[in-house]
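Undergrad: Sequence:
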Amino acid sequence: MVPIIQNKVRKIGLKHSSLSGSFFSAKTNKEVQFESSLERDFIFLLEMDWIIESYHEQPVTIYYSDSEGKQRSYTPDFLFYWHYRFASKGAKPLLVEIKYKEDLEKNSAIYQPKFKAAEEFCEKNSYEFKVLTEEDIRTEYLENCKFLYRYKKNTFDHQNPDIQLIQKTMCDLQCTTPRELIQVCARDKYKQMELIYYMWYMVSINIIRCIWEQPLTMDSVIWLDELYENSYPK
1 MVPIIQNKVR KIGLKHSSLS GSFFSAKTNK EVQFESSLER DFIFLLEMDW
51 IIESYHEQPV TIYYSDSEGK QRSYTPDFLF YWHYRFASKG AKPLLVEIKY
101 KEDLEKNSAI YQPKFKAAEE FCEKNSYEFK VLTEEDIRTE YLENCKFLYR
151 YKKNTFDHQN PDIQLIQKTM CDLQCTTPRE LIQVCARDKY KQMELIYYMW
201 YMVSINIIRC IWEQPLTMDS VIWLDELYEN SYPK
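Mapping the sequence shown onto this note's numbering, position 204 (from 1) lands on 204, and the numbers just tick up by one.
Please keep in mind that the hints were generated in silico from the structure rather than gathered at the bench.
All figures in this text were calculated on a predicted structure; none of them were measured in a lab.
Possibly wrong hints are sitting among the right ones.
Straight-line C-alpha distance at most 25 Å; calculated DSS-like pairs for lysine-lysine [said to hold, decoys possible]:
no.	residue 1	residue 2
1	Lys146	Lys30
2	Lys130	Lys89
3	Lys146	Lys101
4	Lys116	Lys101
5	Lys101	Lys89
6	Lys92	Lys27
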């Protein structure tokens, strides 16, 4: 495998045709640049998916020759590496291009040689290449990622008494809802409001599990991750 540099190889400038900007990554602890709102949304998925260990924007420039023999270059949008549990099972790092479906269809002749070059590069260097559209990215899962990211970007001591209270109560309840959990933890309404914040933080970092593909509400089904379910004797 040819190592890919971990700093972006192409500078992202301001664009008038689409949304561009930067996003502070809690996972990489640095600013990540994006060229469209769709790329920004994809970053939320990268941030919140625990099976993705790390990621980089504009990671490599691939050089190739077009049909007329002229040298061209192509820079995919993102590269991400899988968590070691998946990498050890043969999952390859993934180079990703983000495009709107309409753009892909309208400009397929332009993109086809670029994507072919990326596929050949990946085949030679033990990576994989994928093109993702809004149909892949803008789902209920994304909405939950956006909601929970506001909690994940904060860092709390896991020995915090409120976090310990929630974890112990989850050990007792095993499978419950956010509403029931908070009501069992405290009767005081103001205390409940404090605990709700810690609870969503615990969901965001997967101490508490939920079904991410379904709308996340106070009545969603939640349970403790298996790594924590025996933290306290029942």
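Undergrad: Checking one constraint from the list: CA of Lys146 to CA of Lys30, max 25 Å. Satisfied?
TA: holds (18 Å)
Undergrad: Compare the distance between the alpha carbons of Lys146 and Lys101 with 25 Å, and conclude whether the hinted pair is satisfied.
TA: holds (22 Å)
Undergrad: Would the hint linking Lys92 and Lys27 be met if the CA-CA limit is 25 Å?
TA: holds (20 Å)
Undergrad: Sort out whether Lys89 lies within 25 Å of Lys101, counting only the CA atoms.
TA: Measuring from Cα to Cα gives roughly 32 Å; hence the hint is violated.
Undergrad: Going straight from one Cα to the other, do Lys116 and Lys101 come out at no more than 25 Å?
TA: holds (18 Å)
Undergrad: Regarding the pair Lys130 and Lys89, is the alpha-carbon distance no greater than 25 Å?
TA: holds (19 Å)
The structure is inconsistent with hint 5 alone, although it conforms to all the rest.
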